[in-house]
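Spelled out, the chains give:
Protein chains: 2
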Amino acid sequence: MSDSKTIFFISDGTGITAANLGHSLLTQFSDLKLNKQFRPFIDSVEKARALVEEINSLSTQSGEKPVLFTTVVNDTIRQELAQSQAIFLDFFHGFIEQLEKHWQVHSSARIGRAHGLEDNPSYSARIDALNYTLSTDDGLGAQLYTEADVILIGVSRSGKTPTCLYLAMHFGVYAANYPYTADDGSEFGLTPFLKNNRSKLFGMTIAPDHLQAIRTKRKANTDYASLRCCEQEIQNIEELFLREKIPFIDVTRRSVEEISTTIVTQLGLARRDA
Amino acid sequence: MSDSKTIFFISDGTGITAANLGHSLLTQFSDLKLNKQFRPFIDSVEKARALVEEINSLSTQSGEKPVLFTTVVNDTIRQELAQSQAIFLDFFHGFIEQLEKHWQVHSSARIGRAHGLEDNPSYSARIDALNYTLSTDDGLGAQLYTEADVILIGVSRSGKTPTCLYLAMHFGVYAANYPYTADDGSEFGLTPFLKNNRSKLFGMTIAPDHLQAIRTKRKANTDYASLRCCEQEIQNIEELFLREKIPFIDVTRRSVEEISTTIVTQLGLARRDA
Chain D
3 MSDSKTIFFI
13 SDGTGITAAN
23 LGHSLLTQFS
33 DLKLNKQFRP
43 FIDSVEKARA
53 LVEEINSLST
63 QSGEKPVLFT
73 TVVNDTIRQE
83 LAQSQAIFLD
93 FFHGFIEQLE
103 KHWQVHSSAR
113 IGRAHGLEDN
123 PSYSARIDAL
133 NYTLSTDDGL
143 GAQLYTEADV
153 ILIGVSRSGK
163 TPTCLYLAMH
173 FGVYAANYPY
183 TADDGSEFGL
193 TPFLKNNRSK
203 LFGMTIAPDH
213 LQAIRTKRKA
223 NTDYASLRCC
233 EQEIQNIEEL
243 FLREKIPFID
253 VTRRSVEEIS
263 TTIVTQLGLA
273 RRDA
Chain C
3 MSDSKTIFFI
13 SDGTGITAAN
23 LGHSLLTQFS
33 DLKLNKQFRP
43 FIDSVEKARA
53 LVEEINSLST
63 QSGEKPVLFT
73 TVVNDTIRQE
83 LAQSQAIFLD
93 FFHGFIEQLE
103 KHWQVHSSAR
113 IGRAHGLEDN
123 PSYSARIDAL
133 NYTLSTDDGL
143 GAQLYTEADV
153 ILIGVSRSGK
163 TPTCLYLAMH
173 FGVYAANYPY
183 TADDGSEFGL
193 TPFLKNNRSK
203 LFGMTIAPDH
213 LQAIRTKRKA
223 NTDYASLRCC
233 EQEIQNIEEL
243 FLREKIPFID
253 VTRRSVEEIS
263 TTIVTQLGLA
273 RRDA
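Protein chains in written order, with our numbering: chain D, 3 to 276; chain C, 3 to 276.
Honestly, the hints are just simulated from the structure, not real lab data.
Yeah, the Cβ is synthetic: ideal placement off N, Cα and C, and Gly gets one too.
Among the clues, some could well be false.
[To be verified] According to the in silico footprint, chain D covers these stretches of chain C (three or more CB under 8 Å from chain D): (1) 9-23; (2) 63-75; (3) 98-109; (4) 176-183; (5) 197-207.
[As the list claims (entries may be wrong)] A few chain D positions that, by computed beta-carbon distances, are all more than 10 Å from chain C: (6) Gln30; (7) Leu60; (8) Gly65; (9) Lys197; (10) Pro210.
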């Protein structure tokens, strides 16, 4: 009997939904050794049969039933997969049935719609937002800023760019960033433009030693990466946030997903992923 | 009775998993008018009670029970939410129980782990990949290319950059891109470096009229955005793909998610999201 648990993530589309929920569930079993197998685009009975053979063969060899995480919509393909010698966790079917019953409608039962293009009205909004963010990254005149839903303020390497990209790609939010650099050690202030767009501002701060570590990876042994410089910049920017009443988040132990969700929630931004 | 259906996406963490599966389920009900409400970070009984009051009040007013999509881990919070006058679809609990039973272990029942930082070993890999992609975007010497897991080849505006960013952010794949421009109309070829890294190459093509529309948005009335130029470049690049046996994908009607998943699957790239 194998000591690792095998999970198959199976979908008739990209499998992103299966991977996403599956990953979330598995964080609750972090002590287990897992062997994850991804099988997207299982969109025909033939592919499903071949996959069932693979699963059964593995199940027999290892002496342990694999677990299937699936988001297959098509009934025939789903039933094919359900016949395997595996634990079948269907992330779709039961919920679809409950929604159909509650809303008294029939679902459309179309394959792989979730992360497709034509059936995703938010898609072009998200790509437009992404292109916007790329065009504004660390550059830009005030004209581009006026289109922003949010302008992130933080010192260099506090995570503005990944956050902007995530906000754009997932929420379709037009996110720009305004970098602060303080080579001369002077106090930070808001430009007149930023003052006039105060409601769009969101600050990011970070523990100085964490910032130092990130900057050191980039430019070791520079003043820029020194603890003294990091401490000074962080102190300046936090004073700015407090003085100008700019909401801000400490990103030190937070993921881009958490930071982005917090920003969207706190500023009440319209989510174009919905 | 209201004609739109209200859905609450509720989580004790970011709610990204609830939104993701919820969105996927709802693509099967695309004819309905939906009112989506996002409530992340419901991580205390007090917040859950306040939310239940809001839900009940809405339910009474509208005469229609809202639907709750939840990924709450904590039992007490979950039970609080389950008492609302709403249809309660729990994306977590039932599956966790099934996995506990099958694997004969107890889950850790910790809140909001799914998109957090400390419990997500793949997180820094994904951020590193994102920084890599940002550093290589449309620039770069051969040295940076050697770190790439995949090098995307395509003409300007065929979607290389969004795809690279998605590959990095979601799969932790080191994705670089190699832009082809053909101002002189000459045939495309592979540089010696690309020839030596053939296994990393993946091509992107697109319908010329679609490319023309994208380029026109950027630079209207230029030769660059002319149909003639788009057709010529696409013909050149497809000939290159065929001549050099580079796998490629037509991105015309595909989302970044579909394109990225196809690339990862076809090249058999290691997914660092797992």
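Here is how each hint holds up against the structure:
{"no.": "1", "hint": "9-23", "in the structure": "holds (count 8)"}
{"no.": "2", "hint": "63-75", "in the structure": "holds (count 4)"}
{"no.": "3", "hint": "98-109", "in the structure": "holds (count 7)"}
{"no.": "4", "hint": "176-183", "in the structure": "violated (count 0)"}
{"no.": "5", "hint": "197-207", "in the structure": "violated (count 0)"}
{"no.": "6", "hint": "Gln30", "in the structure": "4 Å, violated"}
{"no.": "7", "hint": "Leu60", "in the structure": "16 Å, holds"}
{"no.": "8", "hint": "Gly65", "in the structure": "14 Å, holds"}
{"no.": "9", "hint": "Lys197", "in the structure": "30 Å, holds"}
{"no.": "10", "hint": "Pro210", "in the structure": "18 Å, holds"}
Consistency note: the structure conflicts with the earlier hints numbered 4, 5 and 6.
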